[in-house]
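S.K.: Sequence:
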Amino acid sequence: MRIGLIAIDGCFGSAVASVIDIVRVADGARGDVDPRIGPIELAILGPKRRVTTTASMTLSVDHPLSESAEFDVVVVPALGTLTAAATNDVLQSRDARSVIASLGRLDEATTRIAAACTGVFAVAETGRMHHRRATTSWFLGPEFLKRYPTVALDLDTMVVVDGNLVTAGAAFAHIDLALSLVRSISPDLAQHVAKLLIIDERPSQAAFVAYEHLRHEDPIVVEFERFVRARLDEPFNVAFVAQSLGTSRRTLERRVRAALNLTPLGFVQRLRIERARHLSATTDLTSAEIALRVGYANAETLRSLLRRERRRS
Numbered sequence: 001m002r003i004g005l006i007a008i009d010g011c012f013g014s015a016v017a018s019v020i021d022i023v024r025v026a027d028g029a030r031g032d033v034d035p036r037i038g039p040i041e042l043a044i045l046g047p048k049r050r051v052t053t054t055a056s057m058t059l060s061v062d063h064p065l066s067e068s069a070e071f072d073v074v075v076v077p078a079l080g081t082l083t084a085a086a087t088n089d090v091l092q093s094r095d096a097r098s099v100i101a102s103l104g105r106l107d108e109a110t111t112r113i114a115a116a117c118t119g120v121f122a123v124a125e126t127g128r129m130h131h132r133r134a135t136t137s138w139f140l141g142p143e144f145l146k147r148y149p150t151v152a153l154d155l156d157t158m159v160v161v162d163g164n165l166v167t168a169g170a171a172f173a174h175i176d177l178a179l180s181l182v183r184s185i186s187p188d189l190a191q192h193v194a195k196l197l198i199i200d201e202r203p204s205q206a207a208f209v210a211y212e213h214l215r216h217e218d219p220i221v222v223e224f225e226r227f228v229r230a231r232l233d234e235p236f237n238v239a240f241v242a243q244s245l246g247t248s249r250r251t252l253e254r255r256v257r258a259a260l261n262l263t264p265l266g267f268v269q270r271l272r273i274e275r276a277r278h279l280s281a282t283t284d285l286t287s288a289e290i291a292l293r294v295g296y297a298n299a300e301t302l303r304s305l306l307r308r309e310r311r312r313s
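First residue of the sequence shown: 1, per UniProt numbering; consecutive thereafter.
Hints are computed from structural coordinates only; laboratory data are not their basis.
Among these hints, one or two may not hold up.
Said to hold, decoys possible - Label pairs and their in silico Cβ distance ranges: (1) Pro-219 <-> Arg-133: 28 to 34 angstroms; (2) Asp-32 <-> Pro-219: 53 to 59 angstroms; (3) Pro-235 <-> Asp-34: 52 to 58 angstroms; (4) Ser-60 <-> Arg-94: 16 to 22 angstroms.
We put the CB at the ideal spot given by N, CA and C, even for glycine.
Model the full assembly from the supplied sequences, consistent with the hints where possible.
M.R.: What follows is the structure in structure tokens.
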């Protein structure tokens with residue numbers, strides 16, 4: 001497998017380094033796992049001969065972007081931004097537009113595209129994520145949906161594979177992305193690399209998603225979140241909540257879906273699970289007591305939801 005890792009000035013240094021290290025460890029260890037596994041090559045692609053990452057690491061570019069189609073996989077790492085405004089600024093830069101243009105010319109039948117964190121925005125700019133599943137940085141989810149409303153965004157899952165398109169979540173999800181690429185070559189090799197580098201399995205972003213920090217600008221959704229957080233121990237009725245907020249049920253459902261990619265009930269269940277996990281980790285309450293505090297009459301209902309979340313991840 002030939003992997004081309006795209007790098008532009010300001011890209012996330014640890015993201016680039018983690019992909020490089022995992023792929024090169026995999027290549028070095030493949031003979032110990034299965035001699036039949038072919039070489040795994042990694043090269044840096046970019047719009048100029050040298051690029052500098054956020055960690056002031058300077059990378060020599062091996063191939064211009066015009067040669068991207070020669071690789072089996074092209075990886076787009078994080079752009080090095082943490083806000084919607086900064087991400088938009090980078091996407092408008094000359095180097096990023098060159099990357100987007102080169103990605104748009106790739107034939108998915110022959111080249112897999114992989115991206116993580118804000119790098120997923122660059123792939124979405126090509127239009128090739130239309131009606132496809134993907135993930136990205138959880139804290140930029142609302143902005144992503146606003147920009148690319150036809151993408152089926154899954155903020156829970158660490159790595160999402162849809163055909164020849166692979167996307168991963170925030171920052172250090174690049175580790176999971178790189179392991180996913182190695183796993184596509186050999187599951188045994190991926191497991192061996194994970195053991196060598198002491199990489200724990202992290203199939204979901206859900207544990208890291210603090211919904212109150214999601215960036216969206218919808219005042220109805222903000223008020224909805226405040227309202228239900230203060231009443232998590234009470235039965236949930238979407239029509240009652242909508243009336244209490246001075247809006248209609250249909251409007252509330254539409255606005256919550258647009259901002260969070262969840263139904264109102266789905267969002268409330270996520271908040272309840274988040275609160276239950278916090279109480280379990282920080283108090284001595286029994287499971288039955290925790291269930292009551294998050295709106296469930298018995299502990300088995302809560303346990304069932306927790307099991308379902310684990311299966312989803």
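S.K.: Now tell me, hint by hint, if it's right for this structure.
M.R.: Tested hints:
The hinted window of 28 to 34 angstroms between Pro-219 and Arg-133 holds, with their beta carbons roughly 29 angstroms apart. Here the CB-CB span from Asp-32 to Pro-219 is close to 58 angstroms, well matched to the stated 53 to 59 angstroms. One distance hint, 52 to 58 angstroms for the beta-carbon pair Pro-235 and Asp-34, holds here, with the actual separation near 55 angstroms. Remark: the range hint 16 to 22 angstroms for Ser-60 to Arg-94 is upheld by a beta-carbon distance near 20 angstroms.
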